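Kindly produce the complete structure, drawing on both the sequences and the hints.
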Amino acid sequence: MERVAVLDFETTGISPGQGDRPTEVAIALVENGCIVDRFQSLMNPGRRIPAFVTQLTGISNDMVAGAPAVAQVMREAARFVGRLPVVAHNAAFDRKFWVAELQRLALDAHAPFACTMLLARRLYPDCANHKLGTLVDALGLPQSGRAHRAMVDAEMASHLWCRIGADVAERYRVGDVSHALLARVQATPRARLAQCFPPAGAALPVG
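At position 183 of the sequence shown the residue is numbered 183 (UniProt numbering), and the sequence of numbers has no breaks.
Think of the hints as simulated: they come from the structure by calculation, not from any bench. What you are looking at is a predicted structure, and each value in this text was computed from that prediction instead of being measured. Nothing false has been slipped in among the hints.
Computed beta-carbon distance windows for the label pairs:
1) G140 <-> N32: 17 to 23 Å
2) R192 <-> R75: 38 to 44 Å
3) R79 <-> Q18: 25 to 31 Å
4) H110 <-> A169: 24 to 30 Å
5) A169 <-> A51: 40 to 46 Å
6) P198 <-> G133: 31 to 37 Å
7) V36 <-> R75: 20 to 26 Å
8) A109 <-> D137: 30 to 36 Å
9) G66 <-> A187: 41 to 47 Å
10) Y172 <-> Q143: 26 to 32 Å
Ideal Cβ placement from N, Cα and C applies to all residues, glycine included.
Here it is in structure tokens:
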């Protein structure tokens with residue numbers, strides 16, 4: 001599988017449009033089934049973290065008080081990702097913070113995103129639910145620490161991405177499981193998934 005950037009944010013809330021900002025970002029670069037590089041940083045969001053968010057993530061106002069500003073961290077994160085396609089679990093959430101923060105910096109925010117949650121709904125319909133922790137447990141994937149910390153979640157999503165790629169390759173006899181292919185899969189109703197995969201030897205559609 002091609003190199004991708006698997007991303008996870010922790011934030012002050014759910015909506016950048018309502019003034020919420022990131023408090024932590026982690027990115028794992030994944031290629032051919034392995035994590036090959038990592039980036040992680042706390043950041044000072046410039047606003048208080050609500051108590052219920054601290055209870056969920058373990059990230060407190062004291063922890064981010066001395067952290068670098070969001071702008072600094074996001075410039076570094078954007079350089080780290082470069083032009084790679086991006087993956088996240090519940091990508092709609094992470095993508096809106098990625099786009100909002102890069103647009104603040106007048107940086108390119110148009111990286112294509114794929115979503116391991118949407119893919120899991122297509123490929124593992126019998127799972128009790130499609131939360132990241134549930135999927136990790138159900139599929140026997142590694143878990144390295146507390147959920148809702150960015151690097152732990154990014155690593156778990158990385159292992160899930162690799163498992164999805166392996167399962168698609170085996171189930172549908174696909175040699176090259178690309179980010180673009182899986183983005184098509186996540187947007188296709190489960191009953192029509194076979195249409196994403198051409199007969200052996202046929203070329204995949206572009207775009």
